[in-house]
Amino acid sequence: MAQCSVDADAGPDQFTCDPSMPPELQGNANGSMFSWNPRTYLSDPNSLNPLVIAPPGRYTYTLTTSGVSTLNLIDNGDFEAGQTGFSSNYNFSNSLLPEGTYNVGPDPSAFHPGFSPCGDHTSGSGNQLIVNGSVNTSNNIWCQTVTLIPGKMYLFSVSAQSVVGANPPLISISFNGVDVGQIAANSVCNWVTFEYCFMASAANVAICLRELTGNAGGNDFTIDDITMFEKCDDKDDVIVEIVDLRAVLDIPVKPKCESEEFVLDGSRSSSGPNIRYEWSTDIGNILNVSGSKAMAKGSGLYKLKIIYDNGTVYCEKEVEVLVDVADDLEGEIIVTGVPNCQMDTVLMTASVFNGSGRYQYSWSSNQHIISGQGSPIIKITQSGWYTVFVTDLESGCIFETQQYVFGDTTLPQAQIQGDSILNCRKNTALLQSKNIDTSKYQITWILPNNNRIDRETSITASLEGIYRVILVDKSTKCADTAQWLIKKDVQQPDLQLQFDSLITCSHDTAWVNILGFENQNVLYNWSVSGNTQPSDTSASWAFVQSSNGTIRKTDLKNGCFSEDSFYIRDVRAIPQFKLKKSGDINCKNESILISSDKSNQRTSKIWSSSSGSVITHLSDSAISVTQGGWYGLTVTDSLTDCSYQDSIFVEYAKFQPQVKLRDSLYFSCGDSVIVVDPLNSTISSSTTFQWSTINGKINSDPKSLKLIAAAPGEYVLITIDTLSLCGDTVKLIIIPDQKSRWFRLINP
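In this note's numbering, the protein residues as written are 1 to 748.
Keep in mind the hints are simulated off the structure, nothing from the lab. Keep in mind that this is a model prediction, so the values were computed, not measured. Hints may be right or wrong, so weigh each one.
[What the hints assert, rightly or not] Taking lysine-lysine and the DSS-like style, the derived pairs with C-alpha atoms no more than 25 Å apart in a straight line are:
1. Lys598 with Lys580
2. Lys487 with Lys557
3. Lys293 with Lys254
4. Lys487 with Lys434
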């Protein structure tokens with residue numbers, strides 16, 4: 001493959017310090033085409049050696065040259081190999097009939113009698129593609145796919161001519177189906193060439209030619225020399241620098257006097273890269289330099305040299321200016337008097353030794369000027385620096401001088417020493433003035449309440465606040481003030497007690513506790529029932545009897561204290577009472593009443609029974625019971641929690657005496673008496689007996705258990721237990737024996 005190689009050389013960089021002598025570019029290129037960019041300021045942009053006629057500045061020009069390779073990438077693009085290397089939607093025909101046919105040869109008229117004998121594009125006698133245009137505009141005349149290198153530039157070219165005068169053809173060129181241009185072959189045997197330059201974006205491109213009019217009559221043409229060459233170019237830059245070296249020196253504000261500083265301004269001179277400035281003077285003074293400007297003072301010849309130096313080329317220009325100014329004014333300040341604290345007036349006089357005699361005066365100071373501003377004499381009362389500015393009204397020269405005025409204004413040194421804290425331990429403080437020479441100084445104290453104390457070197461302070469002492473020198477009346485801050489620390493410590501106020505039966509110890517007890521920087525003192533205890537570190541005390549007292553908490557720092565008191569009562573008292581009953585349980589009394597002989601609303605009462613008997617509460621102090629046994633009452637005082645208990649026993653006396661007798665007995669004739677002795681009876685020692693009869697005869701004690709009956713009859717025995725009052729009644733019938741003779745003698 002042939003190489004595509006061109007070379008552009010823009011030549012050496014060009015420079016001139018004189019714009020009237022423009023530099024000449026010295027370009028060289030071996031390509032078929034070249035160009036300068038930009039074309040601005042070039043005398044002939046189409047020349048390799050143009051002049052650069054430009055204003056001062058720095059310019060870059062680029063020389064570009066282009067060429068193509070010698071290798072045609074189109075296969076058989078000149079058709080000298082015949083009908084090979086391409087594809088077509090047209091039909092090959094020796095007679096070129098009908099429309100839409102083609103052939104390859106040197107003379108179109110040799111194939112079709114209506115075609116003109118037009119030669120080929122290359123030599124006039126070579127082959128060309130001869131076409132009878134189709135009425136179908138979508139048919140491709142010629143197509144070929146060409147291999148490319150992506151990113152490379154290529155130049156495509158094709159030539160066409162009409163061979164019939166009527167209806168000339170319009171030929172479209174497309175790359176990958178996209179039209180890139182057209183050829184209008186309007187003249188017979190007149191070649192028209194189309195060129196298209198592009199950058200390859202893919203590895204190949206499909207190129208096709210189509211006829212766009214579709215006319216059946218005319219529309220006949222030939223195509224030749226289809227080419228595609230790789231396009232190459234080269235660039236080279238040249239720098240052209242045109243410097244208009246200018247040296248201009250100005251003095252914006254002319255100085256009036258020798259001592260006045262002024263500006264030398266060279267900013268209208270040349271500036272930029274590779275430019276530097278050199279300042280010089282003969283008898284003047286250049287104070288400082290900043291680029292194109294300088295500060296100067298005094299008469300003399302001042303020069304500014306502008307130098308351009310880029311390392312290769314050196315050129316310079318120089319300008320000078322003469323400064324001639326008047327001499328400075330001279331003078332002094334005369335002080336008459338001495339300032340003091342009595343504010344005596346002092347005179348200051350500005351005296352000028354030279355000049356026109358017509359002056360303007362301006363005084364300044366950090367102290368007060370009483371009068372005379374604008375005149376040569378001023379009045380002052382204070383020491384310090386004073387400055388006068390004297391302007392010569394004719395020459396404009398300024399004389400400036402300053403004078404320090406010393407005065408007898410030394411202040412006395414007022415100082416206070418003493419205590420600074422008042423507290424509960426110390427309620428006064430001694431303050432002393434360190435200067436105690438009352439013959440020289442007058443002393444005045446100002447208290448926090450603005451009261452005054454005079455002629456005392458020390459005072460006793462009892463107020464909180466700022467104390468001031470004013471010390472006045474009796475001779476100079478100069479005064480000084482000192483102040484002293486006294487603070488009061490009378491904050492009482494926080495003391496809170498928590499204590500039990502009562503001693504009761506359930507709480508037999510009362511505690512007094514100090515809340516938030518502290519064990520540092522404080523002191524506790526207990527005073528119990530009038531007896532003060534020594535300092536104690538206990539946070540709690542226990543009491544078992546009525547007591548009262550106080551606790552003092554003392555802040556050891558300021559001596560302040562707080563007190564709190566406590567009072568404890570021993571309220572323990574046993575409630576006293578006695579139980580009583582209305583009787584015992586017996587056959588006469590089914591229930592009885594048990595009660596307390598005393599009643600108190602402050603007490604709570606709990607009844608109990610050892611037998612678990614049901615207790616009927618008639619009130620807190622009385623109950624009704626139906627069973628015998630022990631009954632108890634516990635009485636608790638709600639204030640003192642003290643309790644007392646008493647119990648009482650209730651007899652359950654329901655003993656039932658029982659006498660067992662036969663229902664009847666027989667009294668025979670031989671019986672004088674019958675003895676009835678109920679041995680199996682249930683009785684007790686407290687059982688009483690009572691026999692009675694209405695028709696029999698009792699020969700025994702009717703109050704004994706044993707009955708001696710002396711006659712038949714009906715006998716009744718009533719038994720009663722004297723304790724339980726329970727009783728029983730039995731009946732006995734003694735029947736006379738009917739078999740026996742029964743009679744009774746009756747004394748006449």
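Hints, verified against the model:
| no. | hint | verdict |
| --- | --- | --- |
| 1 | Lys598 with Lys580 | holds (11 Å) |
| 2 | Lys487 with Lys557 | holds (14 Å) |
| 3 | Lys293 with Lys254 | holds (15 Å) |
| 4 | Lys487 with Lys434 | holds (21 Å) |
In this structure, every one of the numbered hints holds.
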